[in-house]
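Visitor: Chains U and H, in that order, are what the protein sequence lines are. Going letter by letter, the first sequence gives residues 308 to 870 in my numbering. Going letter by letter, the second sequence gives residues 973 to 1105 in my numbering.
Keep in mind that the hints were calculated from the coordinates and are not lab data. A hint or two may mislead.
In the DSBU-like style, the derived pairs of lysine-lysine whose C-alpha atoms are separated by at most 35 Å in a straight line are [claimed, not checked]:
1. U/Lys685 <-> H/Lys989
2. U/Lys806 <-> H/Lys989
3. U/Lys821 <-> U/Lys806
4. U/Lys821 <-> U/Lys685
5. U/Lys842 <-> U/Lys806
6. H/Lys1042 <-> U/Lys821
7. U/Lys806 <-> H/Lys1042
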Amino acid sequence: MTPGGLLSLPAGLRLERFRLSFAAGLVLLAVAYFLGAKLGFVLTPQRLPISMLWPPNALLLAALLLTEPRRWWMLVAAVLPAHFAAELHSGVPLAMVFGWFVSNCSEALLGAVAIRLLRPRPPRFDSFADACVILLCGALFAPILSSFLDAALVKAIGWNDTTFWQLVRIRATANTLAALIVVPLVMTLVQNAREALATAPRRLLVEAALLFAGLATVAFILFSNLEPDARSSPALFYAPLPFMLWAAARLGPLGMSFANLLLTAVAIWGAMNGLGPFAGGSPEDNARAVQLFLIAASVPLLLLAVLLEERRRAERDAREQRQQLAHLARVATLGGLSGALAHELNQPLTAILSNAQAAQYMLGSDTIDMRELEEILKDIVAADRRASEVIRRLRALFMNEVIQAQDLDANELVREVLGLARGDLAARDIEVVTNLMQPLPAMRADRVQFQQVLLNLVLNASEAMAAAPAGARRLTVSTRAAGEGGVQISFYDQGPGFKPNDAERLFEPFYTTKPKGLGLGLPISRSIIAAHGGKLWGESRAGAGAAFHVLLPPSGPLAWLPH
Amino acid sequence: MLPFLIAVVEDEEPVRKALSRLLRAAGLHTVTFEGGEAFLESLAITHPDCLILDLHMPGMSGLELMHELKARNIAIPVIMITAHDEPFSRRRCLEVGAYSYMRKPLDEAALLDAIAEAMGHRPAFKRQPASAA
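So here's chain H without its partners, still in its complex pose (with noise of 0.2 Å):
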């Protein structure tokens, strides 16, 4: 496994288990919560390399996180995603500070190459065998 941490932030249980698996697959380690204060309360113990933020959660927003996140100048880096597609969401969420914007579903060579390039680092990650883009 690779020296990150990845945390996620997804409101649905069978998204948040499948990101989970395949950020793990990948040699990610993972930490996974299910709502933005939940992952607010965690940054006391764990400082993750990167966040994968969904946008549309009950109560917490995916925004309101990210300027909760720049009110308690915590410098993460973000990556979008949402099932939720609007207007003028992306300018939004990059206006805010986000890395990247990615809408679901997510093919994980892109999401993986955000990651890297969020975190600084060339990718270096596992790859399949023969992947199908």
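One chain only, chain U, in its complex shape (with noise of 0.2 Å):
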């Protein structure tokens, strides 16, 4: 476990666990810092004193970002050891070393302790503003200022014969260039992938192989071409980009940073191996030129991809408040509720009780009448079935069912449930005429819940029309787009209708005009409608039956991202 997982523990964790899985987070980060500078080293072009990306400063500022300050020292004591393996080589003087270990660190301090300054709460790479801070300071700030202290350093030290200011530069840049790909990387990967991965639905994964797959070929192309005019059609160092949208789009802050991973190796293997549009000047022009080319191409898409994990992440808070806030006020009706729900079970209740002690009396007379009795014994089970299915659908009623939100196309469904309830149309000789509107915007709801609605006001109808005349018996069915987006079903009938007055106290729990009716059909409807964030309200049509609608918002803009 990495230092950040110290950080998502629960209060409550034993301390010993505790202590053990940051050990282990310190000993990952001084393997990782080393393996870094070797790396660095790797990458480092022939006669160049400093290479093309530097991860460890890198590495070091994330775990800083992703670790309480009070305990920051320990990051840096795990680091030293690490840091002397790495750059204890023949050549170099021991102060060298231990001045590039302070302006190692120096960059890496700097960087956080001006990104917790700016940020109170611990940074995360799913807040804008949280991205924003930490790129400015940690990959631009922080690397620039160090470098400062870096090549005065190796200058006073006398190490090297570049000039103090092209010191600064080539540092800064390789600094920065690892930093936005480092930190991003390391931060999400510790905050965000262990969710997205128990969360992402295999499409998804799917869909992310064949990105990375088409960016790794594209770049491989662009970053190996030896034709001299590839470097000038500037058109080519645009081929990435609609796989780096693709990627900033639909996989967020944690696929950008894979996708910036890969662009960068490629453009530095191609590089380094004299390949591709930058291989033309001299080491330093070219390096200089990747360099650019990377921090130019990762920075604003690597935001952008923060900011629609912002907008889709405060989507799916604001969807999960509506659907609390309707449960909320279903249980809000419950007070309200409890006289009614006791005169919905004590009927029954009733009607068992009298007709047992009536049978008992029966029992003790001289003739017993079993026809009676068996009557009676009927009655009893109808009364106590009854008394179960008013529990039953009142559950239904509070019970916060999740919503699985689906693509639906609203015509078929409206055609779906006609079918489903073409037996009771057909036997009450109902006719139905629908007046569907193609095209029609999609709308996201749960399926099931979504039918249940239809399916209770197509039946509804279907019963205020049972004791119309023949041929006045016709339920429209119509669908259109409402609003910017939006989807609108109406269901008309030619049955009774209601007062105006009633229009609201139609959706009370309880309150039928249906003989055996629970009463209990459209306040359900209606509270699974107010969690998909829509409304569903009756109309009286004087004298011309009833009209009901539903009316469900527009899916979002951002509703072509995956949840």
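Could you fit the two chains together into a complex? Lean on the hints.
Guide: Following this line, the structure appears as structure tokens:
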């Protein structure tokens, strides 16, 4: 477990395990620092004192950001031996090695301090403000400042004869690039990876694999191209852009960080092997060109990915809040329900008790009317069943059902529901007319729950018209786009309708005009629609029956993003 | 059967049927009505000795029926029954002249006692052999 792990540990963890995972994290950091330094050495083009990409500082910065400040000294201490192990080789004065340790740590600490000062809560890469601060302080401000220190130390110790300003420039670019690639990657891995992988649908993983394959291919073509006119056709540089945009939109900051890593790896590989658009000039110019290209390519898209992730999260939170609200509203009506509930349950209980006691009387008389006893028992069973039904429907009303949203076509759903109710409608000789608008914006809703609502409305209309004269039994169902991307479904019947004053009463639990009705269908339907952020209401059409309308809001501009 | 007529006014059929069965099994002639209006109409022909009246009914409620009976100066002892016990129902029912106020589900012993007392007689009905309270 990395140091970041301790931030996600629950408070009541045992001390031993707590210490162990942090210690393990320190070891992991030290090893990563060492390996990062080795990689940095590998990525040093010939005749240059500085590598193109220097991961260790960025690793330390990421670790600092994932740990509480009072433990920072432990991270620095853990990194010291790794640094010396990596840098201590023949020819390098001890003072230089130590000097680099100071400048490396100062870069990480400078960045971490600045970020923590500006963002009071532990920073995360799913907040746009946090991401901006992390990149500005950690990938711009800190590397530049510490590069001055580094160059000064190199000059003071006399390790290299490159000019001061050159050293600053080269160092700053290398460290900035490393910070841009490593910090988001490490932070998103530690903070988001477990949850992201657990909740990602398989389709998304396949999509990610395709994306990376495509990106790798395009990047490889771009950065291994030896054609002389490759340098002069800047359009080719944009070739990776569609894949990067795709990653930003669909894979969030975590996927974007990997995409950046992939692009960087291929670009640096090309430059190191003298291939690609950056292979024409001097080693220093090439290195700088690659670095600047990568920096320019990664920053905007990373920020875009973070922005989209933030919006997505906000929508998810809003949706959960809405469901909570609908649930609470249902629960709140429980108070007002208790009277109605007592009534609904006491009636069947009375029937059961009085029937049973009547039977007891009868059994005590000389002549027993068996048929009447049979009737009594039948009525007792029926009353019992009714009581169970009341409780069952009531439970359905209050259950906080999770909505599994799918893309639905309202027209298709209407046709399905009319098919389900066909028997009922045919038995009552009801003519069905549909007015389905094409095309209709897509809806995001739970298929089963939404079907339940539509079916309830169809059956209500059917029952309302059961006693209507033949020829005046028409159910009209219409769909249309409403507002900006919303969908409205309406049901018109030719039944007795209802009084305009009763429009809201219809939705009260247990209010029913049917002799055997429970009066829970409409309240349940309304709470389902409310949980989807929509509205369900009834309209009295004087003398011409009743109309019920379902309005679902638009799915939202980010509906096409994975949830 | 005993020479008394009990009227039951209750809108829900299962309860109506059950109550009428119980009363008949206890030896009382019973006549049932779905609502207050039907009962009032019947008063032209029949004159029950006791009325078992449901408080909450669509259309004319139990209280409204009692007001109507009072207005018509019809004195029939009324036992008000309800499935829906609200705080002030009991007081309101007794104020308007009900003899007794009982909550559903109704225990037959309590009901029959109440009927007997309402009609001013000592309990003289059949009792079931071994009644469990």
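Visitor: So which hints don't hold here, by number, going up?
Guide: Of the numbered hints given earlier, the structure breaks none, since each of them holds.
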